[in-house]
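Residue numbers (this note's numbering), protein chains in the order written: chain A, 1 to 274; chain B, 275 to 548.
The hints are simulated quantities; they were obtained by calculation from the structure and are not laboratory data. Any given hint could turn out to be false.
Claimed, not checked - Keeping only pairs whose Cα atoms sit at most 27 Å apart, straight-line, the calculated DSS-like set for lysine-lysine is:
no.: 1; chain 1: B; residue 1: 516; chain 2: B; residue 2: 438
no.: 2; chain 1: B; residue 1: 438; chain 2: A; residue 2: 91
no.: 3; chain 1: B; residue 1: 518; chain 2: B; residue 2: 508
no.: 4; chain 1: A; residue 1: 242; chain 2: A; residue 2: 259
no.: 5; chain 1: A; residue 1: 107; chain 2: A; residue 2: 29
no.: 6; chain 1: B; residue 1: 302; chain 2: A; residue 2: 164
no.: 7; chain 1: A; residue 1: 164; chain 2: B; residue 2: 381
no.: 8; chain 1: A; residue 1: 29; chain 2: A; residue 2: 91
no.: 9; chain 1: A; residue 1: 249; chain 2: A; residue 2: 234
no.: 10; chain 1: B; residue 1: 365; chain 2: B; residue 2: 303
no.: 11; chain 1: A; residue 1: 107; chain 2: B; residue 2: 365
no.: 12; chain 1: B; residue 1: 516; chain 2: B; residue 2: 533
no.: 13; chain 1: A; residue 1: 91; chain 2: B; residue 2: 381
no.: 14; chain 1: A; residue 1: 107; chain 2: B; residue 2: 438
no.: 15; chain 1: A; residue 1: 164; chain 2: A; residue 2: 244
no.: 16; chain 1: A; residue 1: 244; chain 2: A; residue 2: 255
no.: 17; chain 1: B; residue 1: 281; chain 2: B; residue 2: 438
no.: 18; chain 1: A; residue 1: 164; chain 2: A; residue 2: 255
no.: 19; chain 1: A; residue 1: 28; chain 2: B; residue 2: 438
no.: 20; chain 1: A; residue 1: 29; chain 2: B; residue 2: 438
no.: 21; chain 1: A; residue 1: 242; chain 2: A; residue 2: 255
no.: 22; chain 1: A; residue 1: 107; chain 2: A; residue 2: 91
no.: 23; chain 1: A; residue 1: 164; chain 2: A; residue 2: 7
no.: 24; chain 1: A; residue 1: 91; chain 2: B; residue 2: 508
no.: 25; chain 1: A; residue 1: 164; chain 2: B; residue 2: 516
no.: 26; chain 1: B; residue 1: 303; chain 2: A; residue 2: 164
no.: 27; chain 1: A; residue 1: 249; chain 2: A; residue 2: 259
no.: 28; chain 1: B; residue 1: 508; chain 2: B; residue 2: 523
There are 2 protein chains.
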Amino acid sequence: RPPSAIKMVQTQQTYWATIESDIETHLKKSIPIRHPVSVFDPMHYLTFAAPRTTAPALCIAACEVVGGDRAQAMAAAAAIHLVHAAAFTHKNIPLTDRPRPEPIEHKFNPNIELLTGDGIMPFGLELVAESMSLGLNNPDRVLRVITEISQAAGSRGVVEGQFKEMDISLSEIDVGLIEYVCKKKEGELHSCAAACGAILGGGNEEEIENLRRYGLYAGMVQGILNGVGSKNRKGLQEMVEKLKVLALKEVECFKGNGKFDGILAWFESELCNV
Amino acid sequence: RPPSAIKMVQTQQTYWATIESDIETHLKKSIPIRHPVSVFDPMHYLTFAAPRTTAPALCIAACEVVGGDRAQAMAAAAAIHLVHAAAFTHKNIPLTDRPRPEPIEHKFNPNIELLTGDGIMPFGLELVAESMSLGLNNPDRVLRVITEISQAAGSRGVVEGQFKEMDISLSEIDVGLIEYVCKKKEGELHSCAAACGAILGGGNEEEIENLRRYGLYAGMVQGILNGVGSKNRKGLQEMVEKLKVLALKEVECFKGNGKFDGILAWFESELCNV
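Just chain A, same shape as in the assembly (with noise of 0.2 Å):
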């Protein structure tokens, strides 16, 4: 690479590490530790136990790449991260049904576990709802969020994800499955963050659906390379090259706006050097 490519990338790693650090800096900060500690301390503790994912730094990124400011995606960033961080915590609850279970560490009883997430989920609403007294955002709009994240979180979303995820087997590969479960879990996470992004940021119908099905498919290209499939495996690996290429035609339209060599950057660190 010449070296203003190097220092383009350079440049665009501290804009996502900014964005990162923003969006962990609104979590500390919206679950101080408070009375009763019981029920406080397991929730701060899960939020930040779940495995980093993008999805919440996708949703501030659509929000810039349209033109808006980064206060204003800052609550729904924050719920995406907190669906996340919800789903985690029960897909780790131990179960007798549970298919495979996982070896992670329990700081909390099972029961613990459970309510933590069920006042995750809600509490990353409260906080999009909460975001209209900042006068950043129309009501509209702030409605129509939580409408997305409701959905994406839900049973037409990960849940389903969730659903579906325990029909595949270890032993044989069905890609068609592990393309459907990406879809629903890590796909529909990011494309709701893209979309939700877009409206906050004040984007029109077709920039949010460009956002929306990038982030489709950029969230299954990392379904498949982090989690459920391998991407070594012949199918996988086709598909992977066919969704990265499907998601970069989503955002060609924003070529030439100065936040797009963000996503661009983002693309390569994050679904190419895996």
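Based on these hints, arrange chain B on the given structure of chain A.
Relative to chain A, chain B alone:
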């Protein structure tokens, strides 16, 4: 009772019966049996498997007593029921550290019950957000109601009550703890329901707060009578009588209002004849 009073009670019983039947119709229409059946079949079943709670009907009555239309509060009433149904579903999942599992019939595996509860909760908030499109409410009221329901469902409401409930011992009665749990569970649910109904019906701030406190006291009485405590214990019997007096004081301001008799009849049939 003189014949006119008997007639009044009958009329009011019809009033409550129509509210409850309207809510059920609305819920059944909102959760169709659709694809994927593996997700929506348990969602449908578990939504209606929870024992009856009077909170959703109180939401409608509060809306009407401040002069609102039933349709304005219907989505919120459904969401209140779904918060209750999700909490009930999760409460009955067999976990290793549950203090005393209650013997109930499980139609689904624990993992399905967990995921279905996770899907039911955001679905309620989705219904409220989507109710905007019917043109019955203004967005500020709807956002306020979403905040109210998220808080009541979450870690400062029902979830906190469930945390504290684990500390209740069967062998000795801790009146203060039972009061706290009833306040956070049935109390918070009824309090939120009544406040949301009043907000959506266009009540003023004083009416909203009166109905919120009425719901709190009336819900606590229900919690003590039906569940956590036993009304025959001396300390609890006194508390019930005290709460009933407090509750009625909050709705005195609606005397002379056509819908007040409904609230009064509900109070008598639900809280006094148990």
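Tested hints:
1. 516/B to 438/B: Within the cut-off at roughly 23 Å; holds.
2. 438/B to 91/A: 23 Å, holds
3. 518/B to 508/B: This hinted pair holds, its Cα atoms lying about 16 Å apart.
4. 242/A to 259/A: Between residue 242/A and residue 259/A the Cα gap is close to 25 Å, so the pair holds against 27 Å.
5. 107/A to 29/A: 22 Å, holds
6. 302/B to 164/A: 25 Å, holds
7. 164/A to 381/B: It holds: about 19 Å lies between the C-alpha atoms, which stays within 27 Å.
8. 29/A to 91/A: 26 Å, holds
9. 249/A to 234/A: At roughly 24 Å apart (the allowed maximum being 27 Å), residue 234/A and residue 249/A satisfy the hint.
10. 365/B to 303/B: With Cα atoms ~26 Å apart, residue 365/B and residue 303/B stay inside 27 Å; holds.
11. 107/A to 365/B: 21 Å, holds
12. 516/B to 533/B: Distance of about 25 Å is within 27 Å: holds.
13. 91/A to 381/B: 21 Å, holds
14. 107/A to 438/B: Answer holds: residue 107/A to residue 438/B is near 19 Å, not above 27 Å.
15. 164/A to 244/A: Holds - the C-alpha atoms of residue 244/A and residue 164/A are around 24 Å apart, at most 27 Å.
16. 244/A to 255/A: 17 Å, holds
17. 281/B to 438/B: 43 Å, violated
18. 164/A to 255/A: With Cα atoms ~37 Å apart, residue 164/A and residue 255/A exceed 27 Å; violated.
19. 28/A to 438/B: Holds - the C-alpha atoms of residue 438/B and residue 28/A are around 24 Å apart, at most 27 Å.
20. 29/A to 438/B: Satisfied, since the Cα-Cα distance of roughly 25 Å is no more than 27 Å.
21. 242/A to 255/A: The hint holds at about 21 Å.
22. 107/A to 91/A: Roughly 15 Å between the alpha carbons, so the hint for residue 107/A and residue 91/A holds.
23. 164/A to 7/A: Between residue 164/A and residue 7/A the Cα gap is close to 43 Å, so the pair fails against 27 Å, i.e. violated.
24. 91/A to 508/B: 43 Å, violated
25. 164/A to 516/B: Violated: residue 164/A and residue 516/B sit about 51 Å apart, past 27 Å.
26. 303/B to 164/A: Cα-Cα ~25 Å, so holds.
27. 249/A to 259/A: 16 Å, holds
28. 508/B to 523/B: Given pair residue 508/B, residue 523/B holds - Cα atoms ~24 Å apart, limit 27 Å.
Checked against the numbered hints above, the structure violates hints 17, 18, 23, 24, 25; every other hint is satisfied.
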